[in-house]
Amino acid sequence: MFAASADNIVTGSKLLMELLGADSSARAEIAERMRAAEHAGDDATHAILHQLNASFITPFDREDIYRLASSLDDIMDFMEEAVDLVVLYQVEQLPKGVEQQVEVLSRAAELTAEAMPNLRTLAHLPEFWIEVNRLENQADQIHRKLLAHLFNGKYDAIEVLKLKQIVDVLEEAADAFEKVANTIETIAVKES
Amino acid sequence: MFAASADNIVTGSKLLMELLGADSSARAEIAERMRAAEHAGDDATHAILHQLNASFITPFDREDIYRLASSLDDIMDFMEEAVDLVVLYQVEQLPKGVEQQVEVLSRAAELTAEAMPNLRTLAHLPEFWIEVNRLENQADQIHRKLLAHLFNGKYDAIEVLKLKQIVDVLEEAADAFEKVANTIETIAVKES
Amino acid sequence: MFAASADNIVTGSKLLMELLGADSSARAEIAERMRAAEHAGDDATHAILHQLNASFITPFDREDIYRLASSLDDIMDFMEEAVDLVVLYQVEQLPKGVEQQVEVLSRAAELTAEAMPNLRTLAHLPEFWIEVNRLENQADQIHRKLLAHLFNGKYDAIEVLKLKQIVDVLEEAADAFEKVANTIETIAVKES
Numbered sequence: 001m002f003a004a005s006a007d008n009i010v011t012g013s014k015l016l017m018e019l020l021g022a023d024s025s026a027r028a029e030i031a032e033r034m035r036a037a038e039h040a041g042d043d044a045t046h047a048i049l050h051q052l053n054a055s056f057i058t059p060f061d062r063e064d065i066y067r068l069a070s071s072l073d074d075i076m077d078f079m080e081e082a083v084d085l086v087v088l089y090q091v092e093q094l095p096k097g098v099e100q101q102v103e104v105l106s107r108a109a110e111l112t113a114e115a116m117p118n119l120r121t122l123a124h125l126p127e128f129w130i131e132v133n134r135l136e137n138q139a140d141q142i143h144r145k146l147l148a149h150l151f152n153g154k155y156d157a158i159e160v161l162k163l164k165q166i167v168d169v170l171e172e173a174a175d176a177f178e179k180v181a182n183t184i185e186t187i188a189v190k191e192s
Numbered sequence: 001m002f003a004a005s006a007d008n009i010v011t012g013s014k015l016l017m018e019l020l021g022a023d024s025s026a027r028a029e030i031a032e033r034m035r036a037a038e039h040a041g042d043d044a045t046h047a048i049l050h051q052l053n054a055s056f057i058t059p060f061d062r063e064d065i066y067r068l069a070s071s072l073d074d075i076m077d078f079m080e081e082a083v084d085l086v087v088l089y090q091v092e093q094l095p096k097g098v099e100q101q102v103e104v105l106s107r108a109a110e111l112t113a114e115a116m117p118n119l120r121t122l123a124h125l126p127e128f129w130i131e132v133n134r135l136e137n138q139a140d141q142i143h144r145k146l147l148a149h150l151f152n153g154k155y156d157a158i159e160v161l162k163l164k165q166i167v168d169v170l171e172e173a174a175d176a177f178e179k180v181a182n183t184i185e186t187i188a189v190k191e192s
Numbered sequence: 001m002f003a004a005s006a007d008n009i010v011t012g013s014k015l016l017m018e019l020l021g022a023d024s025s026a027r028a029e030i031a032e033r034m035r036a037a038e039h040a041g042d043d044a045t046h047a048i049l050h051q052l053n054a055s056f057i058t059p060f061d062r063e064d065i066y067r068l069a070s071s072l073d074d075i076m077d078f079m080e081e082a083v084d085l086v087v088l089y090q091v092e093q094l095p096k097g098v099e100q101q102v103e104v105l106s107r108a109a110e111l112t113a114e115a116m117p118n119l120r121t122l123a124h125l126p127e128f129w130i131e132v133n134r135l136e137n138q139a140d141q142i143h144r145k146l147l148a149h150l151f152n153g154k155y156d157a158i159e160v161l162k163l164k165q166i167v168d169v170l171e172e173a174a175d176a177f178e179k180v181a182n183t184i185e186t187i188a189v190k191e192s
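Heads up: the sequence lines are chains H, Y and F, in that order. Residue numbers in the first sequence follow our numbering, run continuously in steps of one, and reach 192 at the last position. Residue numbers in the second sequence follow our numbering, run continuously in steps of one, and reach 192 at the last position. Residue numbers in the third sequence follow our numbering, run continuously in steps of one, and reach 192 at the last position.
Careful, some of the hints might be misleading.
Just so you know, same-sequence chains aren't split out, so a pair can sit in one copy or run between any two.
Each computed DSBU-like pair below joins lysine-lysine, with the alpha-carbon atoms no more than 30 Å apart [stated by the list, open to error]:
| id | residue 1 | residue 2 |
| --- | --- | --- |
| 1 | LYS190 | LYS145 |
| 2 | LYS190 | LYS154 |
| 3 | LYS14 | LYS179 |
| 4 | LYS145 | LYS14 |
| 5 | LYS190 | LYS14 |
| 6 | LYS96 | LYS164 |
| 7 | LYS190 | LYS164 |
| 8 | LYS96 | LYS14 |
| 9 | LYS179 | LYS96 |
| 10 | LYS179 | LYS164 |
| 11 | LYS96 | LYS154 |
| 12 | LYS179 | LYS190 |
| 13 | LYS145 | LYS96 |
| 14 | LYS164 | LYS154 |
| 15 | LYS154 | LYS179 |
| 16 | LYS96 | LYS190 |
These aren't lab readings, by the way, just hints derived from the structure by calculation.
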């Protein structure tokens, strides 16, 4: 079930990437597909939590499963919010760093989808969490530079506010990937 | 004890609503009453956590009780912060959507106060968490539209910053209600 | 191991204080030392979580240890972020209230470093958590007044955005100290 949730995040990250190259007429339709993906994510999360709560015995610690499901759900919510805000605020041009943010998120999404089936065998998990932690540090650097760029005086204040909110939400998605990685590490070390 | 905490939130949501119709002279006095309600909330939270920590056996899982008490406490804190910021920033006119935000919070507060006594019998809880999740989605839509409205160019940038912080804090209150609903669902499914 | 993490926070709070009196040429070097302290903090956190996950029996509840380590780590991250943003945004002059924020953080850091060794004997812990809660309330008041000051019209909107982000991050550090205090209280009451 975690695999379904992670696959859905890959779909979301592809829609985010698609949005960056789309003109305003195509954006509304991408936002629509994003909303559908987010609903599918909600269903996956709900199924995990329901089975977790109804089970007396769980494969891993209950709190770890809860944390993993919640963080996966958060990633999807933040990605959907970013797309929705771009449409809602009628943003003409996103600053260049946003593409770098989305590339990092896409890479983290792929790694997460690949790692989920390995929870059964616990194989190759350290590579996963080390790499996602590295990606999160990279996202953090991109994010701070983006903010410095927004504040450098070329944008009008209201435009800064709009763009800041979008890049902040993408940074929150990167943070949520780090939480996923930390939880996977917790699970793997306990089991080993 | 959760009932006391939830009743206090109903009081807080009524004070929020009162604030919307009040002129600036009445606002300070409402903020004072809000502060008192928040302190009462702190005491209720503290009593719950103290009894939780001192108990060897608890009616529900310890982490669920902890999460429920914290989320109820957060709701009160966010509502108090919103009132305080309106006074502190000397906001003349709140945009119309704020009233919609407060209406959703009031409805969620009432439902939460009604649901708490049902934790004993576990009756009618699904209606509660489904409805609060629906209200949180509604709050989310209102919040995003409010931000788009603030950013549409009619407000000066500093005014946008003030108002944005207030509507963001109210949105955080709505998110905390959703956490309450999710925790109630967790408790109910485990017990069933 | 918590003591190492808390001592590191004291180092961080001293660097923050140093930053306030430094001219722009000295700032980059302080940021460099701050980054080193933050890396040392990451290592300390990682060591705690690794030992926690690898242990079958733990001195306190697993979730409490996890929460304590995470909150200590968050404090360091927020302090490092504040220093980095001051350098990155090339802030000329920080408003006066920032010094008050940093003083409160320094005091909380010292108290936390003093309290950690007492986790063994559980002595003097109530004084600790009561005082840190008081400091967090004080930080909250300073923060709200700082925002009102930033919004009072003397600053340009972009400057407000830069400064707001720095004071918000410092407020998040204060909140994380409160989480540390609450977790210490939880641990102490369970053990008593």
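Mind listing which of the numbered hints don't hold for this structure, in increasing order?
1, 2, 5, 7, 15 and 16
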